[in-house]
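Trainee: Listed below are the residues making up each chain.
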Amino acid sequence: DIQMTQSPASLSASLEEIVTITCQASQDIGNWLSWYQQKPGKSPQLLIYGATSLADGVPSRFSGSRSGTQYSLKISRLQVEDIGIYYCLQAYSAPLTFGSGTKLEIK
Amino acid sequence: EVQLVESGGGLVQPGRSLKLSCLASGFTFSNYGMNWIRQAPGKGLEWVASISSSSSYIYYADTVKGRFTISRDNAKNTLYLQMTSLRSEDTALYYCARHTVADYWGQGVMVTVSS
Chain A
1 DIQMTQSPAS
11 LSASLEEIVT
21 ITCQASQDIG
31 NWLSWYQQKP
41 GKSPQLLIYG
51 ATSLADGVPS
61 RFSGSRSGTQ
71 YSLKISRLQV
81 EDIGIYYCLQ
91 AYSAPLTFGS
101 GTKLEIK
Chain B
1 EVQLVESGGG
11 LVQPGRSLKL
21 SCLASGFTFS
31 NYGMNWIRQA
41 PGKGLEWVAS
51 ISSSSSYIYY
61 ADTVKGRFTI
71 SRDNAKNTLY
81 LQMTSLRSED
91 TALYYCARHT
101 VADYWGQGVM
111 VTVSS
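Chains A and B, in that order, give the protein sequences. If you read the first sequence in my numbering, its first letter stands for residue 1, the second for the next number, and so on. If you read the second sequence in my numbering, its first letter stands for residue 1, the second for the next number, and so on.
Here chain A stands alone, though its shape is the one from the complex (with noise of 0.2 Å):
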């Protein structure tokens, strides 16, 4: 099984600082990673599919990167609206398996 390791578990910024948030693969999955955010007491949503493309109706200030078998998301200027906890998601193989999540927060 891809074991998908997500880094930081927990992170606290300032409004319009830049934030990245990082989910290692334990072998190559290609562009078959997906972010979301989920805010509390809802479903998660969809940021980012194909490692960098941006899901309809996502700020433009959310992106996607990949380097090697290492995915980012970055938040260029983060925004009270953007609290949260973020997966990662890798779907090359099943079984899918999702990042243990990043809770974001404003400091």
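Heads up, a few of these hints could be off.
Straight-line Cα separation of at most 25 Å, DSS-like style, residue types lysine-lysine; simulated pairs [stated by the list, open to error]: (1) 74/A with 103/A; (2) 107/A with 39/A; (3) 19/B with 42/A; (4) 43/B with 107/A; (5) 103/A with 43/B.
Hints are computed from structural coordinates only; laboratory data are not their basis.
For chain A, the structure is supplied; the task is to place chain B on it using the hints.
Mentor: Only chain B this time, still in chain A's reference frame:
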């Protein structure tokens, strides 16, 4: 507008069965693979099962293999999850999600396994 609406959850005793449904609308259901994903209270997301658009390919997490069955009825635009031999560790909010990239999610349905 894409909508996924889960139903069928509830409180069930250990060892019993339950069947979840996910009614899809706003897109051509028969063109998309579907997933069940769950989230235990206060925990992260766990993929449960996937089914391809024509039911040709089905995959399960090891934690549910042999106990859960994913299926779909494209004529009814509905995805199912038949859960048997339920355990306390199956207690979770169950989401259905569209496509390999899980681009749309339902609101979730709670399953509580307890005596």
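Trainee: Hint compliance check: list the failing hint numbers for this structure, sorted ascending.
Mentor: Failing hints: none at all.
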